[in-house]
Amino acid sequence: MEHAQHIIESTQEIFSSMIMLEVAAGEPFIRNNEMLQNSISGIIGLAGATKGLLAIHLSNDAALAVTTAFLGMDVDEIDEDVRDAVGELANMLGGSLKAVLDPNGSEVQLSMPSAVHGEEYSVDCLANAATVSVPFSFENHNFTVELQLRQEK
Amino acid sequence: MGKTVLIVDDSNTMRKIVSRALRQAGIDFDTILEAGDGQEALDVLSSNQVDVVLSDINMPNMTGLEFLKAKSEDDAIKDIPVVMISTETGADIIEEAKSYGAKGAIKKPFTPDLINETLGALL
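If you read the protein sequences in the order shown, they are chains S and W. Counting from 1, position 33 in the first sequence corresponds to residue 282 in the numbering used here; the numbering is continuous, with no gaps. Counting from 1, position 49 in the second sequence corresponds to residue 171 in the numbering used here; the numbering is continuous, with no gaps.
Hints listed in this document are in silico derivations from the structure and should not be mistaken for laboratory results. All C-beta atoms in this analysis are idealised placements derived from N, C-alpha and C, irrespective of residue type, glycine included. One should not assume that every hint holds.
Unchecked claim - Residues from chain S shown here face chain W by an in silico Cβ test under 10 angstroms; the list is partial:
{"hint": "1", "residue": "I257"}
{"hint": "2", "residue": "P352"}
{"hint": "3", "residue": "S355"}
{"hint": "4", "residue": "S363"}
As the list claims (entries may be wrong) - Derived SDA-like pairs: lysine to any residue, alpha-carbon spacing no greater than 25 angstroms straight-line:
{"hint": "5", "chain 1": "W", "residue 1": "K229", "chain 2": "S", "residue 2": "D351"}
{"hint": "6", "chain 1": "W", "residue 1": "K138", "chain 2": "S", "residue 2": "K300"}
{"hint": "7", "chain 1": "W", "residue 1": "K200", "chain 2": "W", "residue 2": "D152"}
{"hint": "8", "chain 1": "W", "residue 1": "K220", "chain 2": "S", "residue 2": "V349"}
{"hint": "9", "chain 1": "W", "residue 1": "K229", "chain 2": "S", "residue 2": "T299"}
{"hint": "10", "chain 1": "W", "residue 1": "K220", "chain 2": "W", "residue 2": "L245"}
{"hint": "11", "chain 1": "S", "residue 1": "K300", "chain 2": "S", "residue 2": "N282"}
{"hint": "12", "chain 1": "S", "residue 1": "K300", "chain 2": "W", "residue 2": "L245"}
{"hint": "13", "chain 1": "W", "residue 1": "K229", "chain 2": "S", "residue 2": "D330"}
{"hint": "14", "chain 1": "W", "residue 1": "K220", "chain 2": "S", "residue 2": "A348"}
{"hint": "15", "chain 1": "W", "residue 1": "K220", "chain 2": "S", "residue 2": "E356"}
{"hint": "16", "chain 1": "W", "residue 1": "K138", "chain 2": "S", "residue 2": "H366"}
{"hint": "17", "chain 1": "W", "residue 1": "K229", "chain 2": "S", "residue 2": "I257"}
With the rest of the complex left out, here is chain S (with noise of 0.2 angstroms):
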């Protein structure tokens, strides 16, 4: 749980700044590899003195207002615009996680972001891995934020 405040604030302020969005954190808790249904995550990868990722889990309708309040402009289907944002977020995300586990910026690489959807799939954990999740809610929508983390000898 240790990086659990740091995901919480940085969801926070990437919501409030860039998407003029207040969302509300949960407990974190530690997700079971469940499988995710409706939905899409942002995913990106870490490397190099720290390895792991950071995922953004949203179910579609969570994605589709995050995306609308993102461009200013109804979405209302999971399309190319959906899944760039949602990757755009994954990439602050990380960006942010990176900034606290490397703060010169040269022992840690962040992977391009990508973005995964379907009617149902699983994202798992790396072995070994540290893994926290945090649930977070805005309006009427969920999503959650997962990070697995294993520090390299």
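Following the hints, complete the assembly by docking chain W onto the known chain S.
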């Protein structure tokens, strides 16, 4: 007379957000141009009068740092100011960007006020 800005980012969403932030910052831009990576940005600069560039760092095809380096080697465009807008703001990366001529860096997430403060000094 309004100015021309070039926004360079592989994310269409982020290009729209930066455009919106520029309008909210109240900076007088007549024209906002866009490019999806460093190579596209070089192509835009070679055929348009641009007053300032806002560029991401991590992009496919040609990164923001590669773009800065290539731009610095072209006498026709080397003096156009570039501000990096990126999640990557580690000291080493910013140092490298400035060595290639970047005038500053804005970390994502950002506010219109920060954009105004950074660009105001350059325009």
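* Asked: Which of the numbered hints are not met once you compare them with the structure shown?
  -> 1, 4, 6 and 12
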